[in-house]
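A.B. asks: One-letter residues, chain by chain:
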Amino acid sequence: MTGLADEGLTRRLKALACTAPLHDLDARKAKLDWADATIYQMAEIALHTIDQVTIAMDFDTGAGHDEVIDRLLPFIAQQAPSRMPEEHVRVAKWVLDNLINVGTTDRGFRRVYGSIGPGGYQRRQFDFKLLVELAARDGEVYLRATDEAINVLVGALDTDVESAQIAAEVKLENLINRGRLADAKLAAEQARYRTVQYGETLRAKLDATRRDVRSVDWEREVPELLDSALSHIEARFRAENAILKNITTARDETEDLDRKRRAAELVDIVGDCIRRHTRLQSRLADAGAVFRAEQDRQQFSGPPQRATLDLFGQLLVPTLGLPLADAVAPVEHFFHAAAGITAPVVPSLSSLVSLLLRPAPERDQLVGEIPEPELMPAEVSDKFGDDVWRRADELLDLPEVPRRLSGLLEEARRSRQPGLAALVALRAVHAYSPGVGAARRQGDRSVLLAVDDGTLLDDPEFGGADLLLSTASVERADEEEEVA
Amino acid sequence: MALSHSSVDAEAAARLVAFGMRPKQLPARDVVYGDLVRRYGEDNAFKALTHAVAAGLGLMVLEVNQQAGAVLAATDESVFEIKMDSYARQAKIRERRETEKVLHGLIHLATAALGYPRPDDLANDTYIGRVSVEQVDAMVREAARMLDERAAVAEANNDPLADAPELEQAWRAYTRRPAAAATKDGRLAADTTRGMVSRALRFLADQGFLVPVSDEQGGTYRTTPRYQIQVRELAADAAFDDLLALDVVAVATAGGTLRAAASDTL
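These protein sequence lines are chains A and B, in that order. Using our numbering, read the first sequence as starting at 54 and increasing by one per residue. Using our numbering, read the second sequence as starting at 45 and increasing by one per residue.
Note that these hints are calculated values from the structure, not bench results. Positions of the beta carbon are idealized from the N, C-alpha and C atoms, including for glycine. Be aware that one or more of the hints could be misleading.
[To be verified] Taking beta-carbon pairs under 10 Å as the criterion, some of the chain A residues facing chain B (in silico): (1) THR63; (2) ARG160; (3) VAL185; (4) GLU193; (5) TYR195; (6) GLN367; (7) LEU369; (8) PRO371; (9) LEU373; (10) VAL384; (11) ALA391; (12) THR395; (13) PRO397; (14) PHE437; (15) GLY438.
[Unchecked claim] Chain A stretches covered by chain B per the calculated footprint, using a threshold of three residues with CB under 8 Å from any CB of chain B: (16) 169 to 180; (17) 376 to 383.
Isolated chain A, as found in the complex (with noise of 0.2 Å):
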């Protein structure tokens, strides 16, 4: 049985893989060049992020970028008190980016698994996304966490939603009756997790219901699923006004703050999850007449009036499950065929000389005024004069006999130009750790060397070594070769 995939290995390399980025974020965290964000646990953020984003998901929205690094921001804080809050904010930005994976084309991640099939060991693509983005019917952007997003986070991995969802509630019921709160605490999360990923299954039933009444089969698939649903939200709805009733003395007659507080965080987790609940079956509800609606409107038409191709069942289906490869051809042909001609566009001498003398269009539709910038004058950041410089250059142009540090200095004093003595001894102690690298580099002929024999320097101004001080010539590799 060697030969037969190994669904289970397969599926747990999948999970693993869909944790691999909340581990890239701490692994690349002491790159980020704004900020020591060593101190930030980038992991435990993203999580955070994904929880705030689940959370905030119901039917038709989701949460908003803005909304999401709002509800961030204190557990970052928390984090790190002493950094500024804008760093909390670039943070939070950073680790939502990065869930989302802004950058890719694709915006989302990709790992490499091996799965062995009858053809032999081979390595597939697993490609899945954490956050992903939609758009609104307003046309707004949204966030919501994708199933292997909440898959991570609520760390059940490969499990059926409708179980998973029987046993968190059995156990909550058990947690509180020992009075156990945080543990209650714990499922009753996960619980509202279960809820949110179960109505995301259903919606996305409904809109593909709404959009095409012929994709989804109606006889018998949605009513089965619409009466399961409603099944499991009245399972659901007495289950948890029953934890309700039970937190809820809990929560009043205890004495002790602390659980009286946890008691209350579970009263609203709770509350939470039913209201979910109400919104699903008012849902379920519509869905019925939702489907009659769009029967109306899509449904009657005559047998065909001649002989044409179903475009959806004979083209599109078709070319969407042929591989890339083989795919070009037959959608190019049809965009070919179906885009129409255009007249190539030759403008005549005459209206070229117009086109060209004609004023450029206001784009004012585009941009804003451009707000003209207040530039204040640069400071003057040359300590030493252009004459200076030059006259340094001059005096530490030493090809043969090195020369003292004290010696040029003098020099330089002599000449009477100020700031020239303090330019020299600069210059020198940067020779003291010559750039030979780059002088090669940029093709420089010489470099001045410093060299401390431990002499020290007798100077009014200076205090150190007395540096001695020669220029090298650079010997070029290439230009050796050039010669030879």
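Knowing the structure of chain A, use the given hints to seat chain B on it.
C.D. replies: Leaving out everything else, chain B in the frame of chain A:
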């Protein structure tokens, strides 16, 4: 038989072809155009002459009628043809060129499929379809989801092979591409699928194939008779021949995907 055409006839035929090159001009709005279209319908010699003039220019006359005017198509290598390469080139290409081309082509295919959802809509001259950016994108994603489910039912592991990306199925490439992405200035990012769809619809509107109706759902358009003719007479067959050659379509299933037929019995 020796047909004799006067130069006046030739000018009239050429004018009809010229009208056809202005896709937004309609016979109903132009007396001269309307007369020429009527003459094309009644005068066989004039019809042949028009075809000849068009052929000489590298054009094909697909249909001439009062609703659509003269509908022309470019023959191969004609100066009037629009190449996929030049259409897709304007897009930012970071990924492989072929993927980009396939995505653009799929969007055009999906636009036609949404504009004429049933075979009868394509055949019925009076049918006017409606398309919107949101719906086109959603339809392709929905079709991709169906294919994904079908693959899951088959229980075959068909994740693409890492060393042969060109064998990846087209629907995977489409679903991988994000639908929307936030840009700094709040516009639609051009390399998202919605950005590509809205570009395709604007392009078709410029070609006189769609007419903008409203800004709802990212931009809503209705189809024109011209688009119907173009898709029915030429484009659908062109793509279908390729699919036949690849042996991925069974001709006998025509209409079989149309679930609406089954519910007549309800």
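A.B. asks: A separate judgement is required for each hint: does it hold in the structure or not?
C.D. replies: How the hints compare with the structure:
no., hint, result
1, THR63, "holds, 7 Å"
2, ARG160, "holds, 4 Å"
3, VAL185, "holds, 6 Å"
4, GLU193, "holds, 9 Å"
5, TYR195, "holds, 9 Å"
6, GLN367, "holds, 6 Å"
7, LEU369, "holds, 5 Å"
8, PRO371, "holds, 5 Å"
9, LEU373, "holds, 4 Å"
10, VAL384, "holds, 2 Å"
11, ALA391, "holds, 4 Å"
12, THR395, "holds, 5 Å"
13, PRO397, "holds, 5 Å"
14, PHE437, "violated, 43 Å"
15, GLY438, "violated, 44 Å"
16, 169 to 180, "holds (count 7)"
17, 376 to 383, "holds (count 8)"
When each numbered hint is compared with the structure, violations occur for hints 14, 15.
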